[in-house]
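Each chain, letter by letter, is given below.
Number of protein chains: 2
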Amino acid sequence: MDGGSGTGQTREIDGLKTSLSRLLPALEWGREYHRGFLASDLLAAVIVTIMLIPQSLAYALLAGLPAEMGLYASILPLIAYALFGTSRTLSVGPVAVASLMTATAVGKIAAVGTLDYATAAIAMAMISGLMLLVMGLLRFGFLANFLSHPVVSGFITASGIIIGLSQLRHILGIHGHGDTIVELVSSLLHNLADINGVATLTGAAAIAFLFWARRGLAPLLLRCGLADRTAAIIAKAGPVFAILATTLASWYWDFGQRGVALVGEVPRGLPTLGIPSLDPGLWSELAVSALLISIIGFVESVSVGKTLAAKRRQRIDPNQELIALGAANVAAGVSGGFPVTGGFSRSVVNFDAGAETPAASIFAAVGIALAALLLTPVLFFLPKATLAATIIVAVTTLIDFAVIRRAWEYSLSDFIAVVTTIAATLLFGVELGVLAGILSSIGLHLYKTTRPHIAVVGAVAGTEHFRNIERHNVITHPNIVSLRVDQSLYFANASYLEDYIYRLVAEIDGLEHVILQCTAVNEIDLSALEALEAINHRLREQGLTLNLSEVKGPVMDALQKSQFLKHLSGKVYLTHHQAVKDRKPDEIEPYII
Amino acid sequence: MDGGSGTGQTREIDGLKTSLSRLLPALEWGREYHRGFLASDLLAAVIVTIMLIPQSLAYALLAGLPAEMGLYASILPLIAYALFGTSRTLSVGPVAVASLMTATAVGKIAAVGTLDYATAAIAMAMISGLMLLVMGLLRFGFLANFLSHPVVSGFITASGIIIGLSQLRHILGIHGHGDTIVELVSSLLHNLADINGVATLTGAAAIAFLFWARRGLAPLLLRCGLADRTAAIIAKAGPVFAILATTLASWYWDFGQRGVALVGEVPRGLPTLGIPSLDPGLWSELAVSALLISIIGFVESVSVGKTLAAKRRQRIDPNQELIALGAANVAAGVSGGFPVTGGFSRSVVNFDAGAETPAASIFAAVGIALAALLLTPVLFFLPKATLAATIIVAVTTLIDFAVIRRAWEYSLSDFIAVVTTIAATLLFGVELGVLAGILSSIGLHLYKTTRPHIAVVGAVAGTEHFRNIERHNVITHPNIVSLRVDQSLYFANASYLEDYIYRLVAEIDGLEHVILQCTAVNEIDLSALEALEAINHRLREQGLTLNLSEVKGPVMDALQKSQFLKHLSGKVYLTHHQAVKDRKPDEIEPYII
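Which chain is which? The protein sequence lines are V and H, in order.
If you're matching positions, the first sequence starts at 1 in this note's numbering and goes up one per residue.
If you're matching positions, the second sequence starts at 1 in this note's numbering and goes up one per residue.
Pulled out of the complex, with its shape left as it was, chain V reads as follows (with noise of 0.2 angstroms):
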């Protein structure tokens, strides 16, 4: 008994430890950690936080944020998702897109650099995080599904777009703002004569040095003599770069006296902890926009866990991804910052830095803390041109209008989809854009299913294969119709089988047999059981038989429940061979098998 027990527990122990490991992933990495991961982790690291902090300072501006609010959502998310997430080398922070649905979101309620609008922005990685946290408790990672891949490539190409525009205000140094492409354009020229001629020069100069960087900056390092990695590492610091060199220029020739915006000045410290506002109100307006940048961060953060999973043959688990996600929000939500998620660019330069283990994400975490602590009064002389410049360069990345050309290829329904998220988001802006491609593609597919290809099949010759008579040349038997439906029977395309049986049936002479191959039907509905049950009295009552050939177990377990077999005037059989050589006119010859 003793011993028994003990077994008992031990074994409840290893349940225990294992459903720990699967909620909190950290321990299960931490467990196997060793010296080679640290010094992997750290190098990797170090890359990050150099890379990290210029593209936190330009997403905070992007969102409209003050600078120092994307150093703090660059320290404890991170921890956060180092904790609970999925992903070895998935890095999370600020990002591109949803940075501007922030912007888009929080600008319906304050304006630009109130008390109000940061508040809001905080309370939405409050809100955000809590989503992502329930619907991770809920297992609801499959709903990511529904966001197809043609209409997220053309969110982000949309989005990328909005984004390059709002940007242009900084690089020409002038007022302008919108949410869709038409209120940018016609706010940018409405102020086009307020243009500054030195922020312009320094953001065209940072842009064209970073489209440099990219291509020409490698090869030119290892010209020099450095290792491909290290080349190629240093190479991707193009925006670190660019900073200096502009704040350097910034501080000689005094920009800020020549009406140049700059940064200025970002209070010196770590953020600290709190509750983020509760009101009532503010949550209740930003609850919709918040689960919508929920969603897109989700998605977009599980195909860049995914992509980098598949290349160490590792896994991510979309359910856990939320909770982690959600954890890491509630973080950036306590203590000062704004939505954050896994990043398409920041994580590859993790991966390729080298990074094991997301230990590499919280050394990242203290290294942008060192920099908050140490380097904001280098800042001040930051243009803000030079962060536009960079965001402008990141986003030319995620717009790609090959997918538009890919669908049309295709099938008219997923382009039909891409066009309308597009266009919807140019148009509308990234909430209608996003739930346009949601409904649209949904729709579609819907629609789709409401008119199933049903198509009349014969014998291929010699065979007890049965296709299409208008692509093959097959035997069929004029008291036979054989239809193969290409569909699951359901309620929205219940009426339409009914209808279409009808009508074909009419225009048969010296029919005796309906047989429906039902290799295609994998689910009939409770809606499409009466509608089968109707045209089985129909046919009755006509004199003909309707008979079911090739219906799937779990198919055939469902209609056992009803009373449908009993009634059935026909049969239903194992193949449509069998069927057809039970229900032909005796005079033709069997088939020679």
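Just so you know, the hints here were simulated from the structure itself, not pulled from any lab data.
You may find that some hints are simply not true.
Remember, identical chains collapse to one label, so a pair may be satisfied in a single copy or spanning two.
Stated by the list, open to error - Under the rule of at most 35 angstroms between Cα atoms (straight-line distance), these lysine-lysine pairs were calculated in the DSBU-like manner: (1) K311 to K584; (2) K448 to K306; (3) K566 to K306; (4) K571 to K306; (5) K566 to K311; (6) K561 to K311; (7) K448 to K571; (8) K571 to K17; (9) K584 to K306; (10) K448 to K566; (11) K571 to K311; (12) K311 to K581; (13) K561 to K448; (14) K581 to K571; (15) K108 to K17; (16) K584 to K566; (17) K17 to K448; (18) K581 to K108; (19) K584 to K448; (20) K306 to K561.
In this text, all values refer to a predicted model and were calculated from it rather than measured experimentally.
Could you slot chain H onto chain V? The hints should help.
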């Protein structure tokens, strides 16, 4: 040349005639009209008129509107439907569920009994009519398919309960309002002290008589020597007897002095024509409700129309029905009526009374118009309790809890959809009830497609057929895994398939070939194509080939437009048998076919 152009013209004129009579089906039946039809149609019209008078008054009461509006809604709308409708026997007018929905929607913006309330109800008919017309012109009839049969049954059952409860106040002679079961019951209980004995007695007697009339009257009349059909028709006139008897009693014993609510003064005469309120604020407030009422009314009407058409081997065209119901509601809107649709009980009476063509409805409209001109003074003494009794008895036929049991026995998702619809309708009212029904059934359908049934299949010995290895005794080969995916591949399940295949492949040693049997794959969209490309790439890296078999024509057409087939590591086979024969190890002897 002349002859040719003459024939062309004739053909053009024929084409024009066909389009015209499709738009105005009255042209078709009008052309075939003869004296035999006239006699049947006139008789049916008399019977329907007698039945419609109490029904119209009762549904006006249910909608919270003055009695005459019930009559108005039964004149022009009948004529409009007769001209445009494709059903030969459908009878259009006020019906129970649409009247309840009108009361719910209009009650949100005005108090019962006010002029604003009536104005809003008339505008509601107009908006709903225009919506139906637009949907008809856009050929959106297929939208009705998204309301599944179980959801509609559940919704109507729950609405019937709400309607019955809402009429109890007239029977008891007390106040009591509400859109949900909780509101209704608590409001009735709260006012129970004010109960009026005479009203209750009248109502209870009417209910008892009406229930008895439904079953006992026809046999009694038969015993009195009446012919079968005459007895059945007179038995349907139960409400008329109830109205006559209680009106007489009310006049004789002066119910009005005893605190019984009477119909009172009903303006004598025909409705005046006029454009309903075009206040944009009112229209936008009513828009969502009007859309819901339109959809529900359309679905109800088409299902009645189909049932009756099937009995006489006639056909109805859903898109033309949208236009006809649209015209009927616009007619209600310009003639002081409220939303109308095709009703079940009235149509059955029309059908059973022998109506041959929609002319019967035109004659019935004339009958109601005569009643509005001549009979209204008689209605003064009619107790509202009697009308409430006819409603209560009528809605008991709507209530069908059997649908819950059928759904429970047949499929979990149908059961969830029905229960959600009923619960939402009872607890949150008709509008949220309809929405919950539509969204839950679509959501459940989509959810099921995200986790398709995937069967590992093997060959049935001695045949070319492949079946699930878990359900049948089949032959498999160690180097091949054959998968039958029981679902179309699209964005919502593409990543599920990817994960499934990677997991399965990791579990099997010595695997060389993966073959997907695509009999049930009716579509591969762009997201799924990308997933297949990823699977192909990953399997190739692991030294495995990916093969497809039995790809359907339309799917193959799509694949050929992409690069996928060029990159495919394996082949596409016409039959799964060929695929396995080609890929199995040489040492195993071939099948004997």
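Here's how the hints hold up against the structure:
1. K311 to K584: Classified as between: cross-chain Cα gap 30 angstroms, same-chain 56 angstroms, threshold 35 angstroms.
2. K448 to K306: Answer is both: 30 angstroms inside a copy and 23 angstroms across each meet the 35 angstroms cutoff.
3. K566 to K306: between (50 angstroms within a copy, 25 angstroms between copies)
4. K571 to K306: between (48 angstroms within a copy, 27 angstroms between copies)
5. K566 to K311: Answer is between: at 23 angstroms across copies they meet the 35 angstroms cutoff, but 55 angstroms inside does not.
6. K561 to K311: between (47 angstroms within a copy, 29 angstroms between copies)
7. K448 to K571: both (30 angstroms within a copy, 28 angstroms between copies)
8. K571 to K17: Neither, since 54 angstroms and 45 angstroms both go past 35 angstroms.
9. K584 to K306: Close across copies (33 angstroms), not inside one copy (54 angstroms); limit 35 angstroms.
10. K448 to K566: Answer is both; intra-copy 32 angstroms and inter-copy 27 angstroms each pass.
11. K571 to K311: Between copies, since 26 angstroms is at most 35 angstroms while 52 angstroms is not.
12. K311 to K581: Classified as between: cross-chain Cα gap 34 angstroms, same-chain 53 angstroms, threshold 35 angstroms.
13. K561 to K448: The answer is both: 29 angstroms in one copy and 19 angstroms across copies each meet 35 angstroms.
14. K581 to K571: both (13 angstroms within a copy, 32 angstroms between copies)
15. K108 to K17: For K108 and K17, the Cα distance exceeds 35 angstroms both inside one copy (46 angstroms) and across copies (56 angstroms).
16. K584 to K566: within (23 angstroms within a copy, 42 angstroms between copies)
17. K17 to K448: For K17 and K448, the Cα distance is within 35 angstroms only across copies (32 angstroms; inside one copy 47 angstroms).
18. K581 to K108: neither (69 angstroms within a copy, 64 angstroms between copies)
19. K584 to K448: Close inside one copy (34 angstroms), not across copies (37 angstroms); limit 35 angstroms.
20. K306 to K561: Classified as between: cross-chain Cα gap 27 angstroms, same-chain 41 angstroms, threshold 35 angstroms.
In this structure, the hints that do not hold are numbers 8, 15 and 18, in rising order.
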